[in-house]
Structure formats: C-alpha cells, structure tokens
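**Student:** Same order as they appear, the protein sequences are chains W and P. Residue numbering for the first sequence follows the numbering used here, starting at 147 and increasing by one per position. Residue numbering for the second sequence follows the numbering used here, starting at 2 and increasing by one per position.
By construction, these hints were calculated from the structure, which means they are not laboratory data. Some clues are possibly wrong.
Looking from chain W toward chain P, a few residues come up when the C-beta cut is under 8 Å (computed) [as the list claims (entries may be wrong)]:
id, residue
1, T151
2, E161
3, N170
4, M198
5, A200
6, W240
7, F281
8, P292
9, G473
Straight line, CA to CA, 25 Å or less: simulated SDA-like cross-link-like pairs of lysine to any residue [claimed, not checked]:
id, chain 1, residue 1, chain 2, residue 2
10, P, K102, P, E145
11, P, K136, W, E512
12, W, K177, P, Q130
If you want a taste of the chain W side facing chain P, the calculated C-beta under 7 Å gives, among others [stated by the list, open to error]:
id, residue
13, P164
14, L168
15, F197
16, R199
17, V203
18, T238
19, C239
20, P255
21, P257
22, E261
23, H276
24, G279
25, G280
26, A282
27, E304
28, S306
Note that beta-carbon positions come from the ideal geometry of N, C-alpha and C, so glycine has one too.
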Amino acid sequence: MRAATWTGVNEVSVETVPDPTLLNDHDIIVKVRKTTSCGSDLHLLGGYIPFMRAGDVLGHEFMGDVVEVGKGVRERKVGDRVVVNSFIACGTCWYCKQELYSLCDNGNPNPGITEGLWGQSPGGCFGYSHAVGGFAGSHAEYVRVPYGDVGAFVVPEEVSDLRALFASDAVSTGWMGAELAGTKPGDTVAVWGAGGVGQMAARASMLLGAERVLVIDRLPERLAQVREHVGAEVIDYSTTDVMAELRELTGGRGPDVCIEAVGMEAHSPGVHGAYDQVKQQLRLQTDRPSAVREAIMACRKGGSLFVLGVFAAAVDKFPLGAMMNKGLTVRGAQVHGQRFTPRILEHMARGELTTEHLATHVMPLEQAPKGYQMFKDKEDGCVRAVFEP
Amino acid sequence: MPLPKIVTRAAGLAGGAGGKALARLQHLRLPGIGQSSVTDDPLTAARRWRAVTVLTDPEQLRTAIPAPLAAFGDRLDVRVAPAPGDRGAELAARFRGPVTKDELGDLRAALRESKALVEVGEVLRVDPQPHGHRKPTPQGAAVEGMAAKAPKEGVL
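When you get a sec, could you build the whole thing from the sequences and use the hints?
**Tutor:** Structure, rendered in structure tokens:
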C-alpha cells in the first residue's frame with residue numbers, strides 16, 4: 147500500500163510499504179477514507195520528539211471503513227464506517243474504567259521510554275513515535291486498529307466524512323479541555339490557539355454553557371474562522387496586549403477557565419519569544435511554554451487551566467508562584483477520546499458541531515509532503531491538510 | 002573504510018547506546034530535571050518488590066499465578082494483595098537470589114504481560130508494523146535500541 151512516512155527532520159515522503167495485518171484478536175483493519183495532519187505532527191517533523199525512525203508512517207486522526215476484524219472483536223463489523231480515536235486504549239484496565247483512556251495501562255508496548263521520561267507511561271497512539279508504542283499511522287491506505295471495539299465508533303449516516311474525521315482527535319481533545327477544566331454556564335473561557343483543537347475547545351465551551359468565549363491567535367484566517375464558524379470572539383496577540391484586554395473584558399477578574407491549545411512550539415513576539423527559542427535550540431529546555439505562562443498569569447483567582455497542547459519534557463520560567471498563590475487548578479492530558487466521541491457524534495449529527503471548514507486543503511495522499519509543507523508554513527491559509535488515500 | 006560501512010558501524014554502536022541510554026533514563030540526574038532523592042544501590046534495587054496493579058479479584062491471582070510469572074518457577078517470591086479503592090489486586094514479585102539486569106528486565110516484562118493477560122486476555126503486539134525505508138542513521142539505530150529494550154525497561 148502507499149503511505150506517508152517520516153524520513154528525517156522536516157522530511158516526508160510517500161512510499162510503498164507492506165499492508166498491515168491483524169496481530170491481536172481485538173484488532174480491526176480500517177481502509178482509510180480521510181486522514182488529517184495535526185499541529186502536534188509538527189513536533190515530530192521538527193525533531194522535537196526524538197523517538198521517530200526513518201520510515202515510520204505518520205498520522206493519528208482518521209476515519210474510514212472496517213475491512214477486517216479479529217476473532218475477539220464483538221461490536222465492529224466489516225463494512226462499518228468508523229471514526230477512530232487517536233489514542234489506543236484497552237477499555238478494561240482501571241484507567242479505562244475511569245474514562246481516562248489516554249492513560250491506558252495496556253495501550254503502549256514500549257512503556258520503558260515514557261516511564262523514564264515521565265515516571266509513568268500513558269497509552270499508545272497511532273503514528274506518534276516509538277515513545278507511545280511505535281504504531282504505524284493513518285496516512286496510509288490501511289491501518290491496523292488495536293482494541294477495535296473500544297477505539298472505533300460508527301459514524302451516523304447524517305454526518306459527512308469530513309465532519310466525522312475531526313471527531314478522531316481535534317474535537318475530542320477540545321471537548322476534553324472544556325469539560326475537564328470545569329466549564330459551566332456563566333463562565334468566561336479564554337482559549338490560546340485557533341487551530342483545529344483550539345477552535346473546537348471554544349465550540350465545546352459554548353455548548354457547555356459558557357457565557358463568553360475568547361480565542362487568542364495571530365493568524366487572520368484562523369481568527370476569521372473562529373468568528374464565522376465557531377461564533378466566539380477573538381484577540382489578535384500580535385496587535386493586542388492580551389492580559390490587558392482580558393482584564394478589560396472580564397471586569398478586571400480574568401477568565402474563569404483558560405485552555406491552552408498551542409503546545410511546545412508556541413510563538414510569541416518580542417524578547418520572550420527569542421528567549422524561548424534560544425533556550426530550546428540550546429536544549430536548555432525542551433518546550434516553549436509561552437502560552438501556558440500567559441494563561442496562568444491571565445486566569446482569575448481560583449480559576450482553572452487545561453493544557454491541551456503537547457509538551458515533551460521540561461520548561462523554563464514556569465510561573466509556579468502565580469499558580470499556587472492564585473489557587474489555580476491546572477490539568478492536562480492527551481485525549482481521552484473514547485469518553486467524548488459518542489456525544490460529539492450526536493452533536494455533529496444535529497448540526498451543532500461543524501468541522502468541515504477546518505479542512506482548508508483536501509488532497510490525494512500522494513501530495514502529503516506538499517500538504518505538510520503548506521501546513522507547517524501556514525501557506526495559503528492552511529488550517530489542516532487532509533489526505534485521501 | 003567506505004562511508005556505508007562507517008554509517009552501519011556507527012548505527013550499530015548507537016543502537017547499543019540507545020538501549021543503555023534508556024536504562025539510565027530511569028534515574029535522570031540532570032540539574033533541574035527528574036529525581037532529586039538518593040537512588041538505591043544496585044543490590045537494594047535488585048531486591049525490591051516489583052509490582053503491577055491488576056483490575057481483577059485478588060483470589061483469581063492467588064488461585065492461578067499468570068503464566069509469564071509461573072515460568073520463573075521457584076526463583077521468584079510472588080505476593081498478591083487487594084488494592085485499595087476497588088482498584089483490583091496488587092501483584093508483586095522479586096527474585097529469591099542474586100539477579101542480573103537482564104533477569105530484572107525479564108521480570109518487568111513478565112509482570113506487564115501478566116497484567117495484560119488477566120485484564121485483556123492477550124498481550125498487545127506491535128511488530129511487524131508497516132514502515133517505509135529505514136535509512137541506517139545513528140539516531141534511528143538509537144531509537145531502535147530503545148524500542149527493543151522498552152518492554153523490559155522502565156521504573157517497574
């Protein structure tokens with residue numbers, strides 16, 4: 147089959163690779179209809195997560211048709227049109243029973259790497275390095291899905307492929323941030339980052355009853371999408387003092403809930419941005435946390451922050467004093483998608499959650515290298531490059 | 002020496018280094034990162050109970066020790082205790098006599114496999130996975146070395 151592979155730092159190529167096979171009784175094989183680039187892929191491409199091998203198949207956000215099932219699969223069947231969660235979870239361990247699916251004990255066959263980095267190992271993920279299992283990704287004609295009954299969800303007839311695709315990760319991640327941050331009616335929510343995840347965190351906040359939702363970014367086409375398709379307010383941090391604006395808009399309190407949807411390659415203007423860039427390049431910190439810092443400083447006393455962006459290891463100048471003295475609740479997680487996907491698909495079916503606008507560039511899989519270049523450089527207003535094998 | 006041979010040799014060394022680096026990663030002592038307390042001496046570390054919590058009735062484990070642990074025969078002490086808060090059972094094991102690093106790795110893998118067999122009914126496999134051309138680079142070999150060692154490494 148054809149697949150888009152990581153071949154080195156900032157190198158993607160499309161190659162012919164072996165077809166996947168059923169390896170476990172609970173596996174299914176999915177013929178991919180659509181698979182999308184994700185902002186977190188850029189950390190792999192840029193070499194910030196150094197656990198990739200040349201030839202690894204990229205991609206973790208996808209949907210398609212079930213074409214084969216293992217003998218232990220009970221619910222999915224050949225012919226089902228499914229969207230698949232990006233994180234791999236068994237559904238039977240204690241973490242899965244608590245609906246903390248990305249923390250699954252039985253989803254990552256390489257726990258030694260992440261236990262060393264973080265003290266414990268989270269679950270596995272498609273196409274996201276050998277640190278989280280080394281599973282082949284979805285930018286391919288076919289993908290093997292472990293624990294198919296747990297991670298693959300049948301897409302309602304009225305939901306289009308392009309809408310369902312983003313339930314795989316962007317919407318479920320955004321929804322998780324809004325819900326687990328404790329968003330409730332009357333809240334003001336600020337979201338850093340207007341990519342797919344940030345937009346969906348904003349939309350989920352609105353559906354959970356937030357009174358006011360503000361999204362912070364610098365890219366005009368993304369801010370325009372927020373206004374038009376999400377219905378939230380926007381702040382351009384390249385022209386506006388975000389902290390002052392948020393204080394002014396919230397009667398001096400600050401947002402009740404802050405959601406960070408940027409990750410380890412945060413851009414920030416001026417000396418702060420240069421400082422983080424230099425420290426990251428010198429390997430004195432692994433991640434650039436400027437959005438997290440700003441969110442902690444902006445959040446109201448006693449408010450909550452959810453970190454959705456992907457971070458690898460250690461950061462510098464973390465405002466621990468502000469977090470502690472303001473009594474903030476700070477949470478973070480990779481996506482517990484299996485927990486939210488059924489609800490998300492219902493909202494999608496009712497037309498309350500639309501995602502088609504995120505797919506600004508839909509192209510054949512053979513054009514994945516070009517798609518990633520456009521996505522990385524934000525060329526032609528690219529929000530997501532979606533590939534069709 | 003021709004360049005391809007140099008790269009292959011460098012990759013081979015990097016693979017071994019990757020595995021060793023992974024073992025060292027378990028006790029990062031870089032300033033500002035990782036463990037700040039003292040670490041066990043090797044003898045104490047080897048004698049520690051290594052444990053997984055399995056979401057099952059403790060009686061099930063007491064009645065039948067999972068096959069991956071049973072395979073060690075009488076070289077292991079095994080204990081089973083109820084886990085608090087309806088978390089299932091704590092399954093712990095340690096060697097009765099002197100032990101090598103490789104044997105400790107085998108025990109880690111056996112505990113993880115035992116847990117998976119009880120909770121899921123099978124052990125998740127990852128190989129063979131579809132992949133494209135693997136350029137022989139030192140970085141790739143280091144990752145390969147780490148991945149090969151990863152099931153037997155970790156803080157367990």
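**Student:** Given W/E304 as an interface hint, is its Cβ closer than 7 Å to any Cβ of chain P?
**Tutor:** Hint on W/E304: violated, closest Cβ of chain P at ~33 Å, above 7 Å.
**Student:** Next item in the hint list is W/T238. Is there a CB on chain P closer than 7 Å to its CB?
**Tutor:** Holds, because the Cβ-Cβ distance from W/T238 to chain P comes to roughly 5 Å (cut-off 7 Å).
**Student:** Closer than 8 Å between Cβ atoms is the bar; does W/E161 clear it against chain P? Give me holds or violated.
**Tutor:** Holds: closest Cβ of chain P sits about 4 Å from W/E161, inside 8 Å.
**Student:** Verify the interface restraint on W/G280: the C-beta must sit less than 7 Å from at least one C-beta of chain P.
**Tutor:** OK, holds: W/G280 within 7 Å of chain P, min 5 Å.
**Student:** Regarding the hint that W/N170 lies at the interface with chain P, is the smallest CB-CB distance below 8 Å?
**Tutor:** Constraint on W/N170 satisfied, holds at 5 Å.
**Student:** Would the hint on W/P292 be counted as holding, given a Cβ-Cβ threshold of 8 Å to chain P?
**Tutor:** 6 Å, holds
**Student:** Given a cut of 7 Å on the nearest C-beta pair, is the interface hint for W/F197 held or broken against chain P?
**Tutor:** Holds: closest Cβ of chain P sits about 6 Å from W/F197, inside 7 Å.
**Student:** Per the CB criterion, is W/R199 less than 7 Å away from chain P?
**Tutor:** 5 Å, holds
**Student:** Given W/S306 as an interface hint, is its Cβ closer than 7 Å to any Cβ of chain P?
**Tutor:** 28 Å, violated
**Student:** Given W/P164 as an interface hint, is the shortest Cβ-Cβ distance to chain P below 7 Å?
**Tutor:** 5 Å, holds
**Student:** Can W/V203 be said to touch chain P, with a Cβ gap under 7 Å?
**Tutor:** Since chain P brings a Cβ to about 6 Å from W/V203, closer than 7 Å, the hint holds.
**Student:** Sort out whether P/Q130 lies within 25 Å of W/K177, counting only the CA atoms.
**Tutor:** Holds, because 16 Å separates the two Cα atoms, which is no more than 25 Å.
In summary, the numbered hints that this structure violates are 9, 14, 27, 28.
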